Amino acid sequence: MTILAIEPRQIGIIAAKEFRDRIRNRWVLAVTIVFTAFALVIAYFGAAQQGAVGFRSIEITIASLVSLVIYLVPLIALILGFDAIVGERERGSLDLLLSMPLTRLELLLGKFLGLSAALACSTITGFGLVGLLLGSRLSSNAWYNYAGFMLSAVLLGMAFLSLAVMVSVFATDRARASGGAIALWFFFVLVYDLLLLGTLVVSGGAVAANAFPYLLLLNPADVFRILNIFGINDVRTLYGLTTVFPERLASPGLLGAVMLAWIILPLGLANWRFRK
Amino acid sequence: MTNNVIEVRQIVKRYGEVQAVDGVDLAVETGKVFGLIGHNGAGKSTLFKMMLGLVPATSGEIRIDGRPVSGAGFREVRRHLGYLPENVVFYDNLSGLETLAFFARLKGVGRFACGPLLDRVGLSAAADRRVKGYSKGMRQRLGLAQALLGKPKLLFLDEPTTGLDPEGIREFYRILKEMKSEGATIILTSHILSEIQERVDRLAIMKNGKIQALGTVQSLRETMALPLWFELRLAEGAEPPLRRALAAIGVDEIRIEGERISVHCQREAKMSVLQALAALDGLVTDLYVREPSLEDVFLGYSG
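Line by line, the protein sequences give chains X and G.
Each residue of the first sequence is one higher than the last, beginning at 0 in numbering that gives the first Met the number 0.
Each residue of the second sequence is one higher than the last, beginning at 0 in numbering that gives the first Met the number 0.
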C-alpha cells in the first residue's frame with residue numbers, strides 16, 4: 000500500500016536538488032572534461048600498440064572506448080553515489096528530511112534519479128563531443144552504434160549508481176560505505192571475470208562452459224561489454240566472443256532488460272532495508 | 000471523543016540491550032504547550048523520533064491526530080507538522096533562503112512564504128548568504144523558520160533554544176506564543192528548566208526511558224511537597240522571640256548563616272508562618288518567600 004503511494008513531485012524535488020548541487024559544485028563539468036579528454040586520447044592513440052596513431056574506424060574506436068568506460072564509469076558512479084543516504088545520516092540532516100511529507104522510497108528514488116541525471120549529463124556531453132568530432136566520417140550505421148554505446152554507458156552508470164545507493168543505505172558510516180563501494184568496483188570490474196576464467200581453466204572447461212554466458216549476465220560491466228562488442232561484426236571476431244557467447248542471448252533487447260534489472264534490484268533491496 | 004492531538008500508549012524502544020524508552024504513556028491536548036525534561040540519554044529525543052515516525056517503536060502505539068505514525072496516512076499528518084531536530088544541520092552549499100525554499104517545496108508551501116518567515120526569525124539580512132557561514136544561533140533560527148513552514152498545527156521542538164543568545168531566546172518564546180495563540184500544539188524539550196517552567200502548560204519529566212512525573216508545574220510542586228523557606232532580615236535582638244513564635248506553631252528549622260536567616264517549613268505551614276511573623280510586630284524588617292523551582296522538582300524526581 001505504501002509502496003504504491005508515490006508522489007512524483009516529491010521525487011522530482013529531491014532529484015532537482017541533487018542535480019543542481021552537482022552542477023553548482025562543478026562535478027558535472029569536471030567529469031565531462033575527464034570523459035572528453037580520455038575519449039579523445041583513446042580515439043587517437045588507441046591503436047598505438049599496433050604501431051599506428053590517428054583516428055580510425057568507429058568500430059575500433061568504440062571497442063577502445065568500451066574498455067575505458069568499463070573501468071571509469073562504474074568507479075565514478077560508485078564515488079558519486081556511496082554518500083547519498085549515509086552522508087545525510089552522518090551529517091544529521093536525514094531526520095529532518097524524513098520528517099517532511101516524503102517517503103523513504105521517494106527519497107531514495109529522488110537521490111538516485113538526480114545523481115543519474117548528473118552522471119548521464121557528463122557521459123552524454125563528454126562522449127557526445129568526441130562523437131561530434133568524429134562525426135564527419137561517420138556513416139548513419141556508425142552513428143547508431145555510437146549512440147548505442149553512449150546509451151549503454153549511461154545504463155552502466157545507473158546500474159553502479161544503484162549499487163552505490165544500496166551500499167549507502169546498508170552502511171553504518173561513510174567510511175564503511177566508501178570501502179563497500181570500492182570493494183564492489185574491484186569485484187565487478189577486476190575480480191569477477193578473472194574468477195570466471197579461472198573456473199573455466201581449472202575445470203578444463205567442463206564445469207562452467209554451459210553456464211558461462213549466463214554468468215556473464217550477472218555482472219553489469221560484462222553486460223555492457225557484450226552489448227557493445229557483440230553488436231559490431233568487426234570487433235566480435237577480434238574478441239573471440241562468438242565462440243563463448245551464444246547469439247540468442249546477445250539481443251540488445253534482452254541485454255537491455257538485464258541492465259534494467261541491475262538498476263532496479265539494488266534499489267529495491269536498498270528500499271527494503273531503508274524501511275526497517 | 001478526546002481532545003488529545005498526541006496519544007502515546009505503552010511505548011517501548013529497545014536498541015539491543017539498551018532500553019531507550021521503557022513503557023511511556025503520554026497525551027498532549029490540542030492547543031497546549033507541553034514540555035519534556037530529562038538528562039541527556041533519558042530518552043527524550045528517541046521518544047520524539049518515534050512520535051514523528053522516524054524510528055519504529057519496539058512495542059506500543061502512538062497516534063497523532065488519531066492516526067498511527069506510519070503508513071501512507073501519516074504523510075497527510077506530516078504536512079501540518081513542524082520539526083526542529085536537536086542540533087539541526089543544513090546543507091552548507093545552500094543559502095538560507097534556498098534552504099528554506101527546498102523544504103517549502105517538499106511541504107508544498109509556496110516560495111513566497113519563505114521571505115516573511117526569514118524576517119520573522121530575524122534572518123532576512125543573511126537570507127542570501129550560504130549556511131556554511133552561519134553561526135550556531137543563526138542555524139537554530141533557520142531551523143525554527145523551517146519548522147514554521149506552512150503554519151503547522153503541531154510543532155516538535157527538540158532543545159529549541161540551544162545556541163541562542165538571551166535576545167534570541169526571548170524572540171523564540173514570543174514566536175512560540177504567537178503560534179500557540181493561532182491554535183498550534185507545541186511540544187518541546189529543554190535542559191534550561193527555569194526557562195521553560197513559565198512557558199509550558201504541562202510537562203513530563205523523563206529518566207531512564209520512563210516518565211517520572213507528569214502534570215502542571217504547580218501540581219508537580221504540590222505532589223512533591225517540597226518545603227519552602229523564608230529569608231528574613233531581623234531587627235536587633237529579634238532572634239529569641241522569633242524562635243519562640245515559630246516553636247509555638249511547630250516550625251523549628253531555622254538556619255543562620257551570618258546575616259542570612261532562613262526559616263524552612265512545609266508548604267501547608269506557609270500561611271501560619273506568615274501570620275506568626277506578622278505578629279512579631281516590627282522585629283522582622285524584611286522578608287522573601289523562596290519557592291522550590293522546577294529545577295528542584297526535577298532534581299528531586301530524577302536526581
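Source of the hints: derived by calculation from the structure; they are not laboratory data.
On a predicted model such as this, the values are computed, not experimentally measured, just so you know.
All C-beta atoms in this analysis are idealised placements derived from N, C-alpha and C, irrespective of residue type, glycine included.
Be careful, since some hints might not be right.
[Stated by the list, open to error] As a list, the in silico SDA-like pairs of lysine to any residue whose alpha-carbon atoms are at most 25 angstroms apart:
no.	chain 1	residue 1	chain 2	residue 2
1	G	K179	G	L192
2	G	K152	X	L96
3	X	K275	G	D21
4	G	K131	X	R25
5	G	K135	X	R88
6	G	K131	X	D20
7	G	K131	X	K275
8	G	K152	X	R103
9	X	K16	G	N86
10	G	K176	G	K209
11	G	K179	G	S193
12	G	K179	G	N207
13	G	K131	X	L28
14	G	K131	X	E89
15	G	K131	X	R88
16	G	K209	G	E75
17	G	K135	X	L96
18	G	K152	X	S92
[To be verified] Cβ pair distances, simulated, as ranges:
no.	chain 1	residue 1	chain 2	residue 2	range
19	X	N24	G	S134	19 to 29 angstroms
20	X	K275	G	R128	32 to 42 angstroms
21	X	R175	G	H263	57 to 67 angstroms
22	X	L268	G	S134	38 to 48 angstroms
23	G	H79	X	L189	21 to 31 angstroms
24	G	N86	X	A146	27 to 37 angstroms
25	G	S218	X	K275	32 to 42 angstroms
26	X	K275	G	H79	51 to 61 angstroms
27	X	T171	G	I191	55 to 65 angstroms
28	G	V11	X	R23	24 to 34 angstroms
[Said to hold, decoys possible] Derived list of chain G stretches under chain X, where covered just means 3 residues or more per stretch with a C-beta under 8 angstroms from a C-beta of chain X:
no.	segment
29	12-23
30	130-141
31	171-184
Do the hints match the structure? See the list:
1. Only pairs whose Cα atoms come within 25 angstroms are accepted, and K179 of chain G paired with L192 of chain G is accepted, the gap being roughly 20 angstroms.
2. Taking the CA atoms of K152 of chain G and L96 of chain X, the gap is near 19 angstroms; set against the 25 angstroms cutoff, the hint holds.
3. A distance of roughly 20 angstroms separates the Cα atoms of K275 of chain X and D21 of chain G; the hinted pair therefore holds under the 25 angstroms criterion.
4. Pair hint K131 of chain G plus R25 of chain X holds up; C-alpha atoms about 18 angstroms apart against a cutoff of 25 angstroms.
5. Only pairs whose Cα atoms come within 25 angstroms are accepted, and K135 of chain G paired with R88 of chain X is accepted, the gap being roughly 20 angstroms.
6. With a CA separation close to 15 angstroms, the supplied pair K131 of chain G and D20 of chain X stays within the 25 angstroms bound.
7. Restraint check for K131 of chain G and K275 of chain X: the C-alpha separation of about 32 angstroms exceeds 25 angstroms, so the hint is violated.
8. In summary, the hint linking K152 of chain G to R103 of chain X is supported, as the alpha carbons are separated by about 23 angstroms, within the 25 angstroms threshold.
9. The hinted pair formed by K16 of chain X and N86 of chain G meets the criterion: a straight-line CA distance of about 23 angstroms does not exceed 25 angstroms.
10. For the hint pairing K176 of chain G with K209 of chain G, the CA-to-CA distance comes to about 29 angstroms; that exceeds 25 angstroms, so the pair is violated.
11. A hinted pair counts as satisfied when its Cα atoms are at most 25 angstroms apart, and K179 of chain G with S193 of chain G qualifies at roughly 20 angstroms.
12. Distance check on the hinted pair: K179 of chain G and N207 of chain G sit about 30 angstroms apart at the alpha-carbon level, beyond 25 angstroms; violated.
13. The suggested pairing of K131 of chain G with L28 of chain X holds, with an alpha-carbon distance near 23 angstroms, which does not exceed 25 angstroms.
14. A threshold of 25 angstroms between alpha carbons decides the hint, and for K131 of chain G with E89 of chain X the separation of about 17 angstroms falls inside it, so the pair holds.
15. Our distance criterion of 25 angstroms between C-alpha atoms is met by K131 of chain G and R88 of chain X, whose separation comes to about 18 angstroms.
16. Between K209 of chain G and E75 of chain G the alpha-carbon distance is near 30 angstroms, which puts this suggested pair outside the 25 angstroms criterion.
17. Between the alpha carbons of K135 of chain G and L96 of chain X the distance comes to roughly 20 angstroms, so the proposed pair stays at or under 25 angstroms and holds.
18. As the CA atoms of K152 of chain G and S92 of chain X are separated by approximately 23 angstroms, the hinted pair is consistent with the 25 angstroms bound.
19. Hint check: N24 of chain X to S134 of chain G, Cβ distance near 23 angstroms, so the stated range 19 to 29 angstroms holds.
20. For K275 of chain X paired with R128 of chain G, a C-beta distance near 39 angstroms keeps the hint of 32 to 42 angstroms intact.
21. Between R175 of chain X and H263 of chain G the beta carbons are some 58 angstroms apart, a value that agrees with the proposed interval 57 to 67 angstroms.
22. Between L268 of chain X and S134 of chain G, the C-beta spacing of about 41 angstroms keeps the proposed range 38 to 48 angstroms intact.
23. Here the CB-CB span from H79 of chain G to L189 of chain X is close to 52 angstroms, at odds with the stated 21 to 31 angstroms.
24. The beta-carbon spacing between N86 of chain G and A146 of chain X, approximately 49 angstroms, falls outside the hinted interval of 27 to 37 angstroms.
25. Between S218 of chain G and K275 of chain X the beta carbon distance is about 41 angstroms. The supplied range of 32 to 42 angstroms therefore holds.
26. Range check, K275 of chain X to H79 of chain G: about 27 angstroms between beta-carbon atoms, so the 51 to 61 angstroms window is missed.
27. A C-beta distance of roughly 33 angstroms is found between T171 of chain X and I191 of chain G, which places it outside the suggested range of 55 to 65 angstroms.
28. Between V11 of chain G and R23 of chain X the Cβ separation comes to about 45 angstroms, which falls outside the hinted range of 24 to 34 angstroms.
29. Interface restraint, the segment 12-23 of chain G with chain X: violated (0 residues with C-beta to C-beta distance below 8 angstroms; minimum three).
30. By the rule of at least three residues with a Cβ nearer than 8 angstroms to a Cβ of chain X, the coverage given for the segment 130-141 of chain G is violated, with 0 such residues.
31. Restraint check on the segment 171-184 of chain G versus chain X: 0 residues with Cβ-Cβ distances below 8 angstroms, three needed, restraint violated.
The structure fails hints 7, 10, 12, 16, 23, 24, 26, 27, 28, 29, 30, 31 (numbered hints given earlier, in ascending order).
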